[in-house]
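J.: The chain contents come next:
2 protein chains.
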Amino acid sequence: MSSEKELKKKLIEPRTLKGFRDFLPEAMIPREKIIARIVDVYRSYGFCPIDTPVLEYLEILMGKGGDETDKQLYRFTDSGGREVGMRFDLTVPFARFSAQHLAEIGTPFKRYHLAKVWRGENTQAGRYREFMQCDFDTIGTTSVNSDVETALVINDILERVDPRSNATFTKFQIHLNSRKILTGALDKLGLVDKSTPILRALDKLAKIGKDAVVAEMNQTAGASEEQARAILEIASAQGTNDEILEGLEKNLQENDLGTQGVADLRTILDAARAAGAPADRFVIDVSIARGLDYYTGTIFESFLTEYPKLGSVCSGGRYDNLAELYTKQTLPGVGASLGLDRLFAGLEELGMIEKTASTVDVFIPFFDASLSSKYFEIAAGLRRQGIGVELYPEPKKLGAQLKYADKKGIRLAIVVGSDEIRQGVVMLKDLRSGGQEEVKLEALAESILRTLASDPTPQGNA
Amino acid sequence: MSSEKELKKKLIEPRTLKGFRDFLPEAMIPREKIIARIVDVYRSYGFCPIDTPVLEYLEILMGKGGDETDKQLYRFTDSGGREVGMRFDLTVPFARFSAQHLAEIGTPFKRYHLAKVWRGENTQAGRYREFMQCDFDTIGTTSVNSDVETALVINDILERVDPRSNATFTKFQIHLNSRKILTGALDKLGLVDKSTPILRALDKLAKIGKDAVVAEMNQTAGASEEQARAILEIASAQGTNDEILEGLEKNLQENDLGTQGVADLRTILDAARAAGAPADRFVIDVSIARGLDYYTGTIFESFLTEYPKLGSVCSGGRYDNLAELYTKQTLPGVGASLGLDRLFAGLEELGMIEKTASTVDVFIPFFDASLSSKYFEIAAGLRRQGIGVELYPEPKKLGAQLKYADKKGIRLAIVVGSDEIRQGVVMLKDLRSGGQEEVKLEALAESILRTLASDPTPQGNA
Numbered sequence: 001m002s003s004e005k006e007l008k009k010k011l012i013e014p015r016t017l018k019g020f021r022d023f024l025p026e027a028m029i030p031r032e033k034i035i036a037r038i039v040d041v042y043r044s045y046g047f048c049p050i051d052t053p054v055l056e057y058l059e060i061l062m063g064k065g066g067d068e069t070d071k072q073l074y075r076f077t078d079s080g081g082r083e084v085g086m087r088f089d090l091t092v093p094f095a096r097f098s099a100q101h102l103a104e105i106g107t108p109f110k111r112y113h114l115a116k117v118w119r120g121e122n123t124q125a126g127r128y129r130e131f132m133q134c135d136f137d138t139i140g141t142t143s144v145n146s147d148v149e150t151a152l153v154i155n156d157i158l159e160r161v162d163p164r165s166n167a168t169f170t171k172f173q174i175h176l177n178s179r180k181i182l183t184g185a186l187d188k189l190g191l192v193d194k195s196t197p198i199l200r201a202l203d204k205l206a207k208i209g210k211d212a213v214v215a216e217m218n219q220t221a222g223a224s225e226e227q228a229r230a231i232l233e234i235a236s237a238q239g240t241n242d243e244i245l246e247g248l249e250k251n252l253q254e255n256d257l258g259t260q261g262v263a264d265l266r267t268i269l270d271a272a273r274a275a276g277a278p279a280d281r282f283v284i285d286v287s288i289a290r291g292l293d294y295y296t297g298t299i300f301e302s303f304l305t306e307y308p309k310l311g312s313v314c315s316g317g318r319y320d321n322l323a324e325l326y327t328k329q330t331l332p333g334v335g336a337s338l339g340l341d342r343l344f345a346g347l348e349e350l351g352m353i354e355k356t357a358s359t360v361d362v363f364i365p366f367f368d369a370s371l372s373s374k375y376f377e378i379a380a381g382l383r384r385q386g387i388g389v390e391l392y393p394e395p396k397k398l399g400a401q402l403k404y405a406d407k408k409g410i411r412l413a414i415v416v417g418s419d420e421i422r423q424g425v426v427m428l429k430d431l432r433s434g435g436q437e438e439v440k441l442e443a444l445a446e447s448i449l450r451t452l453a454s455d456p457t458p459q460g461n462a
Numbered sequence: 001m002s003s004e005k006e007l008k009k010k011l012i013e014p015r016t017l018k019g020f021r022d023f024l025p026e027a028m029i030p031r032e033k034i035i036a037r038i039v040d041v042y043r044s045y046g047f048c049p050i051d052t053p054v055l056e057y058l059e060i061l062m063g064k065g066g067d068e069t070d071k072q073l074y075r076f077t078d079s080g081g082r083e084v085g086m087r088f089d090l091t092v093p094f095a096r097f098s099a100q101h102l103a104e105i106g107t108p109f110k111r112y113h114l115a116k117v118w119r120g121e122n123t124q125a126g127r128y129r130e131f132m133q134c135d136f137d138t139i140g141t142t143s144v145n146s147d148v149e150t151a152l153v154i155n156d157i158l159e160r161v162d163p164r165s166n167a168t169f170t171k172f173q174i175h176l177n178s179r180k181i182l183t184g185a186l187d188k189l190g191l192v193d194k195s196t197p198i199l200r201a202l203d204k205l206a207k208i209g210k211d212a213v214v215a216e217m218n219q220t221a222g223a224s225e226e227q228a229r230a231i232l233e234i235a236s237a238q239g240t241n242d243e244i245l246e247g248l249e250k251n252l253q254e255n256d257l258g259t260q261g262v263a264d265l266r267t268i269l270d271a272a273r274a275a276g277a278p279a280d281r282f283v284i285d286v287s288i289a290r291g292l293d294y295y296t297g298t299i300f301e302s303f304l305t306e307y308p309k310l311g312s313v314c315s316g317g318r319y320d321n322l323a324e325l326y327t328k329q330t331l332p333g334v335g336a337s338l339g340l341d342r343l344f345a346g347l348e349e350l351g352m353i354e355k356t357a358s359t360v361d362v363f364i365p366f367f368d369a370s371l372s373s374k375y376f377e378i379a380a381g382l383r384r385q386g387i388g389v390e391l392y393p394e395p396k397k398l399g400a401q402l403k404y405a406d407k408k409g410i411r412l413a414i415v416v417g418s419d420e421i422r423q424g425v426v427m428l429k430d431l432r433s434g435g436q437e438e439v440k441l442e443a444l445a446e447s448i449l450r451t452l453a454s455d456p457t458p459q460g461n462a
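As you go down the protein sequences, you meet chains A and B in turn.
For the first sequence, the residue numbers in the working numbering are 1 to 462.
For the second sequence, the residue numbers in the working numbering are 1 to 462.
Calculated from the structure, these hints are not laboratory results.
We put the beta carbon where it would ideally sit given N, CA and C, even for glycine.
Do not rely on the hints blindly, as some may be mistaken.
To be verified - Restricting the straight-line Cα-Cα distance to at most 20 Å, the calculated cross-link-like pairs of lysine to aspartate or glutamate (EDC-like) are:
(1) A:Lys116 <-> B:Glu104
(2) A:Lys116 <-> A:Asp22
(3) B:Lys18 <-> A:Asp341
(4) A:Lys18 <-> B:Glu306
(5) A:Lys407 <-> B:Asp78
(6) A:Lys116 <-> A:Asp270
What the hints assert, rightly or not - If you only want the chain B side, here are some residues facing chain A, beta carbon under 10 Å, derived:
(7) Leu55
(8) Ile244
(9) Ala323
Said to hold, decoys possible - A partial selection of chain A residues facing chain B, derived with a Cβ cut-off under 7 Å:
(10) Phe20
(11) Glu32
(12) Ser44
(13) Ile50
(14) Leu55
(15) Ala99
(16) Ala103
(17) Pro278
(18) Tyr326
(19) Gln329
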């Protein structure tokens, strides 16, 4: 009794840090599937992968150092006495990377980067201290064509986020705006030097309503009620995209920057139509301001139609100069970031994530110990034909083995005993329907593929 | 002049920490290709992905705490006062994970985990402080069938590591041994309690030669010259696999553990043959001992035939108890780890890594500004047919644009001006061969796929 206690005392409690989490197969399998599709989309536009270290010099991460506390950096002194930190986003490392390798990478340069970042924030519901970002950017060009491409990439990614099938997902909208329009409007009102507090107030429109926004614009930026209402009128423009753009065009006709912003959005809508995007996919939304200092042109946000409260799942925009802290070279660009964890929370809420804990569609129970080499032979043959197979490692009651497979979500089982081997057949069981058929060994792969195709949403290795 | 100096002074030098590195596209593209293939192999056997946090409680990482300095942990106190560290391998987090989630995951449990780990080692040639590990393990079973599967997974992965094509790579061998054989032999010699220093000496055989090993066995383990030579004779057994196994069988016939080790290796060789592996792929090699305390059964190492000096690129073995520090539950298992960075260094040395900085095979130069929507339409059409396309974002001299594409390794360019649009054709240029042909728009995808197939080693999105 006391020795057992002692043994218990010696064990280290297996636990993760607050704000951190493990991913079990049933969470990782759909994540990996969606990540692979996101990467496919990036690549299909010629975006290239890069990677950077998790640890950076603290001075790189802190930049001008003002908002370190906001970022809640994981920072420490390494054993060589260097002040280092774990990256809190992928933009700062990309800026450092671009400045450092500019001669090698050249411009225009299109990169994607899928990686974890860390922030020691207070953990609230659904907020983690370690999370994945999926960023893509085009730098070294001011062309609106790269804004178009950014919009198309966001569209193509979201069309493919339903992990249950390869069908096009359509229940989302991409909101477009341009900081040029907002800045142009403020310029006309003589408020351009107050743009930071005004846009900060505007960003709260959906949350706090018009009157509170007007009051805030007055208090923090000294905007008159008339000025504030004029901004809100522009920002709340309703109608079709064409109607909104025509209204803005009239409103901003003597302002070059604002007019340019309207033209940019028109170009994006035209090109998106040419590329085959549905007419209602893109929505001009003058109320989105997205942050305050960084973006200077087109702005993107995107929302799941059936879960708008989730907030934007993929956001970004155009900026004038990526890496000014690290190089004198001006690097304009445009890009966006997919919030994988938020997107996943949304898909889960909408019932789109199937619980499967398997990466294969076929299971071979270990039925007869003398046949183990035969099992390996059958499994290898199926794998050569692109069919994943899990073989149970040891003899056990058949029922228990099939239960193991079914629990994991594996659909088919191949039951083979010595009788079957003699006759050159196997028993192919559909664990989902309960059906079974005797199949000749040489026709096995074909039968499996046919059975899997008979269900529109096969699990596992789809 | 002085203001320019001031500006320079204000810039933060863009640099990475010692022992850390950036990956540019030409390094990342082949890495991502090979990682995707490795994952495909894991999945085809039913191994499932998991992920764990980069940061763990220090007590989890340090375990019994003895060898912290060896591991050269990145450790610090977080802002909540917790002692934490960055993982230095994927085995310790997996042990913690298994103990913590055992009820949910059940056994047998097969997982893979591809992730970065950190060690503050002194940086020597080719050694980094941040590197990628690719681990896979089967836990919860003592069955030799899982050893077989481990061998087959290593084989299937290495058969697919040539990033230049989908052809089977064959220039590698997998060395097999069993700690049961070594322990059995030491048992017969009455040296089993000296196994740690003896196997440590044996591990140096390839490096320091027989005489030095004999001397070390004598000095550190008190083995007589006769005993040491007897161990070396077993460890250096030459001949065919069958001859070596027969010799061992005779030598160890009265030792149950040793006999079991021989039987395990025979089972693996038989099953590998049944699964279609070439006869010379697996080599019984009694000289490999692989670490000292952890492994208890089959041991795997694997070598590139044309670059044996590189050392083992994928190694592993069977162990008796994965998570004894964290749970009373005994978790036997078997697994291996692919050293991706070492493998890559090898493939590079052997000239197998092509320098490509593109993820697409097709480039559309921006030839006529009035046609931008047309370019987006053509590109979108090709992408829907699975063909990746990079569109240059802005007007520039055609020659300069084609040079940009060629430098990145993009093979084909589609040149389209307003004349071509009127005629419903495009000019398809092969930047590698210099050839070009006029192709009807509706036959473009087909012509592209045919041209790409005409080269056995297309770059990019293969």
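J.: Each hint: holds or not?
T.: We went through each hint and held it up to the structure:
1. Of the pairs offered as hints, the one joining lysine 116 (chain A) and glutamate 104 (chain B) is violated, with about 25 Å between alpha carbons and a cut-off of 20 Å exceeded.
2. The hinted pair formed by lysine 116 (chain A) and aspartate 22 (chain A) meets the criterion: a straight-line CA distance of about 13 Å does not exceed 20 Å.
3. Taking the CA atoms of lysine 18 (chain B) and aspartate 341 (chain A), the gap is about 32 Å. The hint is violated against a cut of 20 Å.
4. For the hint linking lysine 18 (chain A) to glutamate 306 (chain B), the alpha-carbon distance of about 48 Å lies beyond 20 Å, and the restraint is violated.
5. With a CA separation close to 40 Å, the supplied pair lysine 407 (chain A) and aspartate 78 (chain B) exceeds the 20 Å bound.
6. Restraint check for lysine 116 (chain A) and aspartate 270 (chain A): the C-alpha separation of about 35 Å exceeds 20 Å, so the hint is violated.
7. The interface hint given for leucine 55 (chain B) is met, as the beta carbon of that residue sits about 6 Å from the closest beta carbon of chain A, less than 10 Å.
8. The criterion of a C-beta within 10 Å of any C-beta in chain A is not met by isoleucine 244 (chain B), whose closest approach is roughly 21 Å, and the hint is violated.
9. The interface hint given for alanine 323 (chain B) is met, as the beta carbon of that residue sits about 8 Å from the closest beta carbon of chain A, less than 10 Å.
10. Annotation: phenylalanine 20 (chain A) was flagged as interfacial toward chain B, and the flag holds, the nearest CB pair being 4 Å apart, inside 7 Å.
11. Hint on glutamate 32 (chain A) holds. Least Cβ distance to chain B is approximately 5 Å, under the 7 Å limit.
12. For serine 44 (chain A), the interface hint holds, since its Cβ comes within 7 Å of a Cβ in chain B; the closest pair sits about 4 Å apart.
13. Among the interface hints, the one on isoleucine 50 (chain A) holds; its C-beta lies about 6 Å from the nearest C-beta in chain B, closer than the 7 Å criterion.
14. Evaluation of the leucine 55 (chain A) hint against chain B yields a held restraint, the C-beta minimum of about 6 Å falling below 7 Å.
15. Below 7 Å, beta-carbon pairs count as interface contacts, and alanine 99 (chain A) has one with chain B at about 4 Å; its hint therefore holds.
16. With its C-beta approaching chain B no nearer than about 11 Å, alanine 103 (chain A) sits outside the 7 Å limit, and its interface hint is violated.
17. Because the closest C-beta pair between proline 278 (chain A) and chain B is about 13 Å apart, greater than 7 Å, the hint is violated.
18. At its closest, the beta carbon of tyrosine 326 (chain A) sits 4 Å from a beta carbon of chain B; the interface hint therefore holds under the 7 Å criterion.
19. Here the hint on glutamine 329 (chain A) is broken, as its CB sits about 11 Å from the closest CB of chain B, past 7 Å.
Hint check: violations occur at hints 1, 3, 4, 5, 6, 8, 16, 17, 19; the rest are consistent with the structure.
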